[in-house]
Amino acid sequence: MTPATPLNRAELARRTGADETAAPVRIVHLGLGAFHRAHQAWYTDAVDENREWGIAAYTGRSPQAAEEIAAQDGLYNLVVRAVNGDSASVIRSISRAVDGGDLDDLVSTIAAAPTAIITLTITEAGYRLTADGQPDESDEQVRSDLAWLDANLGGDKLDLTDGPGSTLVRLLVGLEARRRANAGPIAVVSCDNMPSNGDFIRSGLLALAEHATPELRAYLAEQVSFVSTSIDRITPKTVQDDIDTVAELTGWADRSPVVTEPFSDWVLSGEFPAGRPRWEDAGARFVDDIEPFETRKLWLLNGAHTLLAYAGAARGHATVAEAIADPVCRGWVQEFWDEAVAHLPAEGLDLDTYRAALLDRFDNGRIQHKLAQIGMDGVTKLRVRIAPILLAERAAGREGEGAARALAAWVQAVRAGNVPADRADEKVKAAASEAGASDASIVPLLAVVDPTLAADAGAVAAVEARLADFA
Numbered sequence: 001m002t003p004a005t006p007l008n009r010a011e012l013a014r015r016t017g018a019d020e021t022a023a024p025v026r027i028v029h030l031g032l033g034a035f036h037r038a039h040q041a042w043y044t045d046a047v048d049e050n051r052e053w054g055i056a057a058y059t060g061r062s063p064q065a066a067e068e069i070a071a072q073d074g075l076y077n078l079v080v081r082a083v084n085g086d087s088a089s090v091i092r093s094i095s096r097a098v099d100g101g102d103l104d105d106l107v108s109t110i111a112a113a114p115t116a117i118i119t120l121t122i123t124e125a126g127y128r129l130t131a132d133g134q135p136d137e138s139d140e141q142v143r144s145d146l147a148w149l150d151a152n153l154g155g156d157k158l159d160l161t162d163g164p165g166s167t168l169v170r171l172l173v174g175l176e177a178r179r180r181a182n183a184g185p186i187a188v189v190s191c192d193n194m195p196s197n198g199d200f201i202r203s204g205l206l207a208l209a210e211h212a213t214p215e216l217r218a219y220l221a222e223q224v225s226f227v228s229t230s231i232d233r234i235t236p237k238t239v240q241d242d243i244d245t246v247a248e249l250t251g252w253a254d255r256s257p258v259v260t261e262p263f264s265d266w267v268l269s270g271e272f273p274a275g276r277p278r279w280e281d282a283g284a285r286f287v288d289d290i291e292p293f294e295t296r297k298l299w300l301l302n303g304a305h306t307l308l309a310y311a312g313a314a315r316g317h318a319t320v321a322e323a324i325a326d327p328v329c330r331g332w333v334q335e336f337w338d339e340a341v342a343h344l345p346a347e348g349l350d351l352d353t354y355r356a357a358l359l360d361r362f363d364n365g366r367i368q369h370k371l372a373q374i375g376m377d378g379v380t381k382l383r384v385r386i387a388p389i390l391l392a393e394r395a396a397g398r399e400g401e402g403a404a405r406a407l408a409a410w411v412q413a414v415r416a417g418n419v420p421a422d423r424a425d426e427k428v429k430a431a432a433s434e435a436g437a438s439d440a441s442i443v444p445l446l447a448v449v450d451p452t453l454a455a456d457a458g459a460v461a462a463v464e465a466r467l468a469d470f471a
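In terms of my numbering, the sequence shown has 291 at position 291, counting the first letter as 1, and numbering is strictly consecutive.
FYI, nobody ran anything at the bench for these hints, they're computed from the structure.
None of the values given here were measured: they were computed from a predicted structure.
Every residue, glycine too, gets a C-beta built ideally from N, C-alpha and C.
Incorrect hints may have been included.
What the hints assert, rightly or not - Restraint-style ranges between C-beta atoms, simulated for each label pair: (1) Thr-21 to Phe-263: 26 to 34 angstroms; (2) Asp-159 to Asp-241: 45 to 53 angstroms; (3) Ala-396 to Asp-132: 19 to 27 angstroms.
Can you build the whole structure from these sequences, using the hints too?
Have a look at this one:
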């Protein structure tokens, strides 16, 4: 077998005969990971024929992705894994891949006049905000960063020595540098699974800016647009077999390919005052009211994933495809969906078709979507994907057994010590200790997810009843 060729822009240009110079950076992305590369970077690559919209993508907690992709000049293969086979293409939209710890680079790029858009995929927990969009001051990093803002953002010069560590505070510092540079307006686009994510991040940044200057708060209010989005494309973690598949399919030695499903969806609502790519040419939709679309996706896709992450794992399954093939889990998902759709608009969402498409996607066993990956940061996910449905069912006079089961599966996993990593781990451990033995009250654990839920005796009883499903 012929050895695979290392992937870089010079080799790509040699193969294609085209100019493969990286596009100028006009988009900053925070949270360089597989989903961003399968979704926003793919959409941008698909429509940017004139190579005008390069992305500078910054990693989160680990520099590894930046190091791997930078070694390939920002290039990587996207493998679309359908039931009947794989196809691969080189994505070229990332012009620079940067270690997120390089605060000087991030701030200067946000402050650069050509930068028009900042997108984020930092996961729900990465915002470090409370449910009402305020800085979570129980978080040690947030407290440290607030103190840094108080000490550093009032002077004439931005001193980034020992700068902040949380993503939103780093973003705020970049926006302050942009304000000082008089670089003009910009759009901030959250691409994480949260309801009204544009309003959520706006609230958080304005609250953080209370520790800065009136000028920065005015800039946020007047020149920064916050765009809400609903995003959808199942993208599992890359494994060595995927790297080998790319070498066989393409002849490229790609250290960091991404595998995804054929389906993709992106709905956006908001203004782009400094321009944007024509993402609609690749299927993105721009709407005035995004709430029905984001709630449909958050409850039906993400909610079912969260249910399976704990209930499926409790029945011995490791992936979504394995769990949904289990008739018991499939029935639990359908029951949960029945509850969710009772609280969604009947018009315009084509809910029956959407549900059928989700089952087809879940059934795609060639996409190895690990339940352990989905189950990470469960507290935040349960809070926005499951708790609202149980509370809505209770308000309608019903028990909400499907939603209660998802919470019961998580409670059982906590008691068994089988929950994946969670940034709320200390709170969960404290609540579990307060609850005591396995037959004790589950109220402290539910309170970590949603205090309103924990205060509803009927909701607590519904969750307790479903614990029997996992005994």
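Comparing the hints with the structure gives:
no.: 1; hint: Thr-21 to Phe-263: 26 to 34 angstroms; in the structure: holds (32 angstroms)
no.: 2; hint: Asp-159 to Asp-241: 45 to 53 angstroms; in the structure: holds (47 angstroms)
no.: 3; hint: Ala-396 to Asp-132: 19 to 27 angstroms; in the structure: holds (24 angstroms)
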